[in-house]
Amino acid sequence: MTRILLLLTCVVLTVLPFFAGRSTLFLGMEILVIVALSQAWNLAAGYGGLLSLGHHAFVGIGGYALYALSRDLGIHVLFAVPLAGVVTGLFALAVTPILFRLRAVYFAVGMWVAAEIVRILVMRADWLGGASGLPLAGARDLPRAWMSPAAYWMALAVALGTTCLVWWLMRSEFGLRVRALRDDEVAARSIGVKPHRVRLTVFVLSATATGMAAAVSFFSTLFITPLGAFDMGWVITIVFVTVIGGMGRLSGPVLGAALYFILRESLADFGNWYLIALGVAAILTMLVLPGGLASLMDPFFNRSKTVKEQP
Amino acid sequence: MLEITGLNAFYGDFQALFDIDISLGAGETLALIGANGAGKTSLLQAVCGLNHATGGIVLNGASLTGLAPQLRAAAGVGLSPEGRRMFASLSVRENLEIGANTGRKGPWSLARVTSLFPILGEFADRPSRLLSGGQQQMVAIGRALMSNPALLLLDEVSLGLAPVVADEVMGALSSIRGESEMMTILVEQDVARAIKASNRFACLLEGRNVLNGTSKGADLDAISRAYFGEDTA
Amino acid sequence: MIAIDILINGLLLGGLYALFGLGLSLIFGVMKITNIAHGEFAIGGAYLVVTAVLFLGVPLWVAVPVALLVAFGIGFALQLVLINRVLGDDPMPALLTTFGLSIVIQNLLVEVFGADNRALDIGLLATSGISVGGFSIGVFPVIMFTIAIGLFACLHWMLNRSKTGRNVRATSDDPEIVVMMGVDRARVFAMIMGLSAALAALAGILLAMRGSITPFSGAERLLIAFEVIVIGGLGSIWGSLAGGLVLGLVHVIALRLDPSSGPLYGHLLLLLILLARPEGLAGKVHSR
Numbered sequence: 001m002t003r004i005l006l007l008l009t010c011v012v013l014t015v016l017p018f019f020a021g022r023s024t025l026f027l028g029m030e031i032l033v034i035v036a037l038s039q040a041w042n043l044a045a046g047y048g049g050l051l052s053l054g055h056h057a058f059v060g061i062g063g064y065a066l067y068a069l070s071r072d073l074g075i076h077v078l079f080a081v082p083l084a085g086v087v088t089g090l091f092a093l094a095v096t097p098i099l100f101r102l103r104a105v106y107f108a109v110g111m112w113v114a115a116e117i118v119r120i121l122v123m124r125a126d127w128l129g130g131a132s133g134l135p136l137a138g139a140r141d142l143p144r145a146w147m148s149p150a151a152y153w154m155a156l157a158v159a160l161g162t163t164c165l166v167w168w169l170m171r172s173e174f175g176l177r178v179r180a181l182r183d184d185e186v187a188a189r190s191i192g193v194k195p196h197r198v199r200l201t202v203f204v205l206s207a208t209a210t211g212m213a214a215a216v217s218f219f220s221t222l223f224i225t226p227l228g229a230f231d232m233g234w235v236i237t238i239v240f241v242t243v244i245g246g247m248g249r250l251s252g253p254v255l256g257a258a259l260y261f262i263l264r265e266s267l268a269d270f271g272n273w274y275l276i277a278l279g280v281a282a283i284l285t286m287l288v289l290p291g292g293l294a295s296l297m298d299p300f301f302n303r304s305k306t307v308k309e310q311p
Numbered sequence: 312m313l314e315i316t317g318l319n320a321f322y323g324d325f326q327a328l329f330d331i332d333i334s335l336g337a338g339e340t341l342a343l344i345g346a347n348g349a350g351k352t353s354l355l356q357a358v359c360g361l362n363h364a365t366g367g368i369v370l371n372g373a374s375l376t377g378l379a380p381q382l383r384a385a386a387g388v389g390l391s392p393e394g395r396r397m398f399a400s401l402s403v404r405e406n407l408e409i410g411a412n413t414g415r416k417g418p419w420s421l422a423r424v425t426s427l428f429p430i431l432g433e434f435a436d437r438p439s440r441l442l443s444g445g446q447q448q449m450v451a452i453g454r455a456l457m458s459n460p461a462l463l464l465l466d467e468v469s470l471g472l473a474p475v476v477a478d479e480v481m482g483a484l485s486s487i488r489g490e491s492e493m494m495t496i497l498v499e500q501d502v503a504r505a506i507k508a509s510n511r512f513a514c515l516l517e518g519r520n521v522l523n524g525t526s527k528g529a530d531l532d533a534i535s536r537a538y539f540g541e542d543t544a
Numbered sequence: 545m546i547a548i549d550i551l552i553n554g555l556l557l558g559g560l561y562a563l564f565g566l567g568l569s570l571i572f573g574v575m576k577i578t579n580i581a582h583g584e585f586a587i588g589g590a591y592l593v594v595t596a597v598l599f600l601g602v603p604l605w606v607a608v609p610v611a612l613l614v615a616f617g618i619g620f621a622l623q624l625v626l627i628n629r630v631l632g633d634d635p636m637p638a639l640l641t642t643f644g645l646s647i648v649i650q651n652l653l654v655e656v657f658g659a660d661n662r663a664l665d666i667g668l669l670a671t672s673g674i675s676v677g678g679f680s681i682g683v684f685p686v687i688m689f690t691i692a693i694g695l696f697a698c699l700h701w702m703l704n705r706s707k708t709g710r711n712v713r714a715t716s717d718d719p720e721i722v723v724m725m726g727v728d729r730a731r732v733f734a735m736i737m738g739l740s741a742a743l744a745a746l747a748g749i750l751l752a753m754r755g756s757i758t759p760f761s762g763a764e765r766l767l768i769a770f771e772v773i774v775i776g777g778l779g780s781i782w783g784s785l786a787g788g789l790v791l792g793l794v795h796v797i798a799l800r801l802d803p804s805s806g807p808l809y810g811h812l813l814l815l816l817i818l819l820a821r822p823e824g825l826a827g828k829v830h831s832r
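Chains as they are written, first to last, in our numbering: chain A, 1 to 311; chain B, 312 to 544; chain C, 545 to 832.
Hints were generated in silico from the structure; no laboratory data involved. For clarity, every value in this text was computed on a predicted model and none was experimentally measured. Beta carbons are placed, not taken as given, at the ideal position from N, Cα and C, and that holds for glycine. Don't take each hint at face value.
Claimed, not checked - Taking CB as the label site, the calculated pair distances span:
hint, chain 1, residue 1, chain 2, residue 2, range
1, B, Leu470, C, Ala730, 27 to 37 Å
2, C, Ser680, A, Thr96, 42 to 52 Å
3, C, Leu600, A, Thr96, 45 to 55 Å
4, C, Leu600, A, Leu13, 33 to 43 Å
5, A, Val11, C, Ala730, 51 to 61 Å
6, B, Arg423, C, Leu600, 51 to 61 Å
7, B, Gly414, C, Leu600, 41 to 51 Å
As the list claims (entries may be wrong) - In silico DSS-like pairs for lysine-lysine, Cα to Cα no more than 30 Å straight-line:
hint, chain 1, residue 1, chain 2, residue 2
8, C, Lys576, B, Lys416
9, C, Lys576, C, Lys707
10, B, Lys527, B, Lys507
11, C, Lys707, A, Lys194
Looking at chain A on its own, in the form it has when it is part of the complex (with noise of 0.2 Å):
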């Protein structure tokens, strides 16, 4: 039953860009990008145990990466898509030398201040155009009446693909790795997991899908800044949407998102108040239900993804 729904949600989605207009369509893609990245979150902070508060590094980086590959390497902006994701995991594998000697709170912000310093290097970096950023060279290619539902569609790809490859990881082996790793390293160690290749596939994994997600999401937008690709208000969005969805659950992304999207929507005429809403929920999902929305379904799906065990 729960299949059959899945599936025909799946059909539905796919099909929407025939009946939607382009506001709903924009919107959709919005929606689909803002699930992509907080699944791509939750698979670093939720089931990895690595909470950064930088990844709006990867969303720049992706972003930027699908450019420059457009502009300098002429690859058509559809492969780029998925090369700019390339690019953000290979950046993630290159700083992990430097962020996996911190743990926890330093990895977090240590994070942070790495975003930050890429956002400034891009800043004063001419060949990506300095502060005032660049247009998306290979656009001019693209049928102009393809290019929402392109959007869309790849938005559509991406967080499918997200949600599945979370889902298929969690299923495997390499799963229990992780989970075992997250609750308690030492116990971990002694059944032969290896900590650190555990926490590096995952983090370039989450970097990869992160960057794949921005990707498509400065692909509709046709020009990039770095004040816009390097925003804070990224990680802001991501991690509410994971904290109040749930972390560490598969379905948290999604119901976060919808709960995000309901805010920002019916809140729109009234600034940035749907943020205060978000950070409240945040702080009381923190406070009386810390597994999130996705723990109020438990109940009804009597196996839970995250089964408490005694020692």
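Chain A is fixed; fit chains B and C onto it per the hints.
For chains B and C alone, kept in the frame of chain A given last:
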């Protein structure tokens, strides 16, 4: 008077104590005996309010049930915890003085503690982390005494100490035994030493009180059977 | 000559940075958590004074102490009703909670005050300087520096000589056992958060007097405070002072050599230090 009735203690879903009843009269010392994991430390922590427990604990007429640990300390529960648990950044003197933080009146003062353990007077201004294990144990006991407790809880005071040092610490404790209304619960691995240092004993096995008795002339064989969970009939 | 000028200005700026780090260092030392809303506490404190002076016409010398008391109260209350409830072996719930708090405060400030620059006018004091041996030194930076040093000394005295300070150090050493000394851990934490918030607010007020602030200034202040305590060795009071002075120097030198770099070199220094100190970072309240 200490009255413990129907005490259960829990760590998450794990139950550490089952229906413990213990009563203690003024000036008495109770030795708590049992193997590792029998629930001795859980019992002391339950009295202190450091774990989740249900049941009655009444100390000199005042119920401690549901009180926060700091209020139990103020009501007269003094603890010398397992592993000493010095405040590492405090000097020896500060470690002792913080014991008096509750402001309870009574016979114990810095001068009295340092006359019981003269070495602590000598090392008063040293950082506590530089002391030997035995000296740290003296600080932990002294710190608990400084609160002028109505009930002194001593958790594994001879653990990890050289036998001669352990005897010195236990000797100091017996020298103050019975000279005031203060009650003592002593947790000790060494059964013979525990029996020697107490008026009464209680033996725990897997969270249950399986044997009680008077220490004087206690049947060590019966204790040993209860200790290992052999037939106590 | 330029070198000495840079040195003086760097150290004077470092005093302010140290003050930003001091409150965060206290929190870290006692509770082993980081308060992501530290920057917003600072900026929020400055906006309290802005409200009092600009909108209510309260004189500055009345507004500042009142704002510090209010900041203490807010920090105290937030710890009691909120942060104490998410403390545990895992520092992450506290991190996420204070992160939420920081976004809420920031956006409340935007809604109430708008996103424009605000400054606190201190009149002639802002521009007056004294000449010492051929160098012109601003009077206000010197006052700021003196306040910072004075507060470090006060805190050192409080931690080492007072009964409260002893209880605070003991709580930092062993928060589980300290309750058996009759110490109310929740209140100690609340007092420390209040103190931290007041110190942050003072630093924010001085920042608004020295230059200007917007509701978004908090994030940068948090990163500066974080860098100060990491450079200085975590949880160490005097380390934070040293960390602040070093970071002040780095920023002033960077501004001379590479005017468009902003906080870049401070950030790089942080990563460098993290790289050089692989043994991990654990802290206690020390004052030596």
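Right, here's what the structure says about each hint:
For leucine 470/B and alanine 730/C, the Cβ-Cβ distance of about 31 Å falls inside the hinted range of 27 to 37 Å, so the restraint holds. Taking the beta carbon of each, serine 680/C and threonine 96/A are about 47 Å apart, inside 42 to 52 Å as hinted. Range check, leucine 600/C to threonine 96/A: Cβ separation about 52 Å, and the 45 to 55 Å hint holds. For the pair leucine 600/C and leucine 13/A, the supplied restraint of 33 to 43 Å is violated, since their beta-carbon distance comes to about 54 Å.
Judged by the Cβ atoms, the range 51 to 61 Å given for valine 11/A and alanine 730/C holds: they are separated by roughly 54 Å. Restraint check, arginine 423/B to leucine 600/C: a C-beta distance of roughly 58 Å satisfies the suggested window 51 to 61 Å. Between glycine 414/B and leucine 600/C the C-beta distance comes to about 43 Å, which sits within the given range of 41 to 51 Å. Among the hinted pairs, lysine 576/C with lysine 416/B is inconsistent with the structure: their alpha-carbon atoms are about 35 Å apart, more than 30 Å.
In summary, the hint linking lysine 576/C to lysine 707/C is supported, as the alpha carbons are separated by about 22 Å, within the 30 Å threshold. For the suggested pair lysine 527/B and lysine 507/B, the alpha carbons sit about 8 Å apart, so the restraint of at most 30 Å is met. Our distance criterion of 30 Å between C-alpha atoms is broken by lysine 707/C and lysine 194/A, whose separation comes to about 47 Å.
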